[in-house]
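Residue numbers (numbering that gives the first Met the number 0), protein chains in the order written: chain A, 0 to 378; chain B, 0 to 292; chain C, 0 to 318.
Hints may be right or wrong, so weigh each one.
Straight-line Cα separation of at most 27 Å, DSS-like style, residue types lysine-lysine; simulated pairs [said to hold, decoys possible]:
{"hint": "1", "chain 1": "C", "residue 1": "K105", "chain 2": "B", "residue 2": "K90"}
{"hint": "2", "chain 1": "A", "residue 1": "K372", "chain 2": "B", "residue 2": "K59"}
{"hint": "3", "chain 1": "A", "residue 1": "K372", "chain 2": "B", "residue 2": "K117"}
Calculated directly from the structure, the hints in this document are not laboratory data.
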Amino acid sequence: MHFRAIVFFIASVILLINSPVFAAAPIKIGALFAVTGPAAFLGEPERNTAQMVVEEINKAGGVKGHKIELIVYDTTGDATKAVQLANKLIKNDKVVAIIGPSTTGETMAVIPVVEKEQIPLISCSAGSKITEPVKKWVFKTAQNDALAVGRIFDQLRKQKLTKVAILTVSDGFGSSGREQLKAQAAKYGITIVFDDTYGPRDTDMTAQLTKIRNSPAQVIICWGTNPGPAVIAKNARQLGVKTPLYMSHGVSSKKFIDLAGDSAEGIRLPSGKVLVADLLPASDNQRKSLLVFIKDYQRQFKAEGDHFGGHAWDAVMLLKNAIEHGGDSPASIRDQLEKTTKFHGIGGTFTYSAHDHAGLGQDAFVLVEVRNKDWAIVK
Amino acid sequence: MPFDQLLQYALSGLSTGAIYALIGIGFSIIYNSTGIINFAQGEFVMLGGMLTLFYINLLKLPLWAAIPASVLTATAAGLLFERLAIRPLRKPTPINMVIITIGGSIFIRGLSMLLWGKDTHSLPPFSGEEPIAIAGATILPQHLWILGITLVIIAANKYFFYHTISGIAMRACSYNGRAAGLVGIDVRRMVLFSFMISSAMGAMAGIIVAPLTMTSYDVGVMLGLKGFCAAIIGGMSSGAATVVGGLVLGILESLGAGLISSGYKDAISFIILLLILFIRPQGLFGKAESERV
Amino acid sequence: MKKELLKFLLFSVLMLLVPLALHGSYLMNVLVFVGIHTMLAVALNLLLGYAGQISLGHAGFFGLGAYLSAILTTTFGFNPWLVMPLAAVVVGLIAFLVGFPILKLKGHYLAMATLGLGVIIYIIINETVDYTGGPSGLSGIPNLAVGTFVFNSDIRNYYLIWTAALAVILLAVNLTNSRVGRALRAIHDSEVAARVMGVNARLLKVQIFALSAIVSALAGSLYAHTMTFVSPASFGFNFSVELLTMVVIGGLGSIYGSFLGAALLTLLPEFLRSAQDFDIIIYGGVLMLMVMFMPGGLVRGVPELLKKMLGNRGGVGNA
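I would like the entire structure built from these sequences, with the hints used as guidance.
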């Protein structure tokens, strides 16, 4: 008796699924963002931005007369779901390109799928290994961790500081940063004298900071996303740690200053230019894109556009350009993407080539410091 | 190991431990009156912090008014939870209870996410942020608030359970529900009380810790688990043993992070939990009880 | 028993024919995961539905299986077919050893202890970065292959996974209809009574726990080779809860119910899905409502409901 229900269930599922999906004229672009779950702080602004940009493109008449249809799925930050949804986008929705996923882990999981199905993917996550080595169908817009690390180390070299303590969060973002920090230190003549981690949900890091206080470190570099670094900033102030504190681009938004309060003063971090768009000189190539993005985001969502949303902005605009330059099949979009030169986006100025699918240089980052509860550019 | 460093670990551990203790007592109160482990307990901790923020930011209440308002709201949520999810249960087996409270915790978390978004927020500290030095170690005024309020709550708790008629009735239910019913105690009402008290305590824990640790819709899970560890170490007592359990756990964690490895510090607390369950399931301080069939 | 076998054959034929209707659809890919989840749900159901022992740590065994396969084949270059049984045996052994102290506990304590075990496994996977790649995961895991035939498409994986899943179902059906199954149910109802009747309750519980872990590890290995990527996030507490939900929604103590639960929970998001945030509430709400109104799960609840509705109308409630 139970069994009949199951047979019925299987049959009805098959029927449901085979109901025809009507294909229409618009160009379909898929997007995978971690809108909920632990990486929602990435996925939510990314989804908002992508939808906003597509809406605006369509309002202006679309691309070459075609409207763009954006199909967004929520991966919840789970690699398994990301793979299922990538398959769904490709086989069911028949998209010509995919934007996302939001995290490096999900992107690595999705790569075999898009490589096999030959669909261009523009990832919005930062892990260097996404495009190193170069994969034919995979591009990315988020700045490599390596660039952020380089930007900090550059500054330290200038100030002749050589002993560094690193404190990284034990998730994908932190461990990728930790790898880069360790890999690049020698090149800049820096020794890592202290290396420890903290959990993404930890609420007290005084233990680690106490150890750092008693180490010979001249600088502390903390690699994480909110709220961990804010807790660390508060703990450091509580303990009276005078060692200068550097954060990663993972906290480059006003949110961090809100959370850390007074403890944020004097903290430095590498950031995409979106944070300080109004402080940039008029000659800056990215300035125009940045101001448009910030204004639109403010109008639409009553919130400050951050560089996570920027990754999605860049991805949509890069795709738009590729389609405008003659691509409307996945293969030609890919070829056009690879020809992108000097695209002034939010994350930086992109130039892709056959050997470089990350497309950004060190100038994508500026070093900023918190002064009077606001950002200032460190010269 | 220099003394000031050890002292710092101990002080940090104490304040974290006080929070675990409060949450743990919440677990114990419900467990003792109903035999249910309320897996949603951590969500009330989250509600405390998030509701306070809501009252401060949206209704523009001052902090001193927002705190009681949010404790009351969380208590009401606890009441609703018991009425709507626990009481109607037709087959209250332990497995069903575990599942329904897990379902409840997901539901409360989801609702908070929809209402207040996914951002992390911070509450203003109750009185300033100037560190206080104690023999080479430093703490914040908020740490004193945490320890002080924990003490007050535990004392109030003790008074309630030993010196008020409702409290004594609730204790009677925990020893033997049927007998308590026979002498005229409304057992179902006592169960409802226990849910209300423990959600209020959870919420209070969430409020006093939020200025230090920030809060967001998903902070409840880990805090809930840690609180449960504290309750287990204390042998599910709703008194001093669980408080000691919480403090021990907090200090061990802090020492574990300081002396062994911060990556494994959560693993350390769960290994302790398992060892205690294996070796002394009655808790560190309890007397062994013979198995009832 | 004959009836059981017939049911199984019918189910197998049905599952093996599904690709004919769905060939080329992305749903083939989802059904691969339904297969993996079915294995896991059946494994957990043996423990929960038959022996009455809860586990909130099964994602840990699943993860251990996946990571053992991933590491040994990718980093050390072992043959995947060799590693798979090895991983299953290792995980089974761990479960067997841990099982003795853990299964002494009951009810909530057992739930908490298994939860702790799952968290510990998760942390170890997350922290041993040199072997597991840590939180960013491990990629480049080879697909399974027989000679030159590589299981690298959805349809091939479908048959691979479902062969395994059907084998697990057959095993479970046989087991539950044997002496062991009866002994398990006896433990479920009253452990003391079972012991008095001469059932070695303690050993039996541990054996079932180990078997359940072995099947989960096997599912993990297969997962690793079909996904070709693993990361710790897939094996956390949330996934243990999800598995529990599958078993409960399907129906405790019903093997095909576990399939139903696994299928429903894996497919349902496909129909609900848009990038909205409501599914988490639906998820929690469904879990609560199921326990409240259909404690027997869908396999018992739906026919009961139908019976009631039909009965009220015309009294032909004997279907």
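Going through the hints against the structure:
no., hint, verdict
1, C/K105 x B/K90, "holds, 17 Å"
2, A/K372 x B/K59, "holds, 22 Å"
3, A/K372 x B/K117, "holds, 23 Å"
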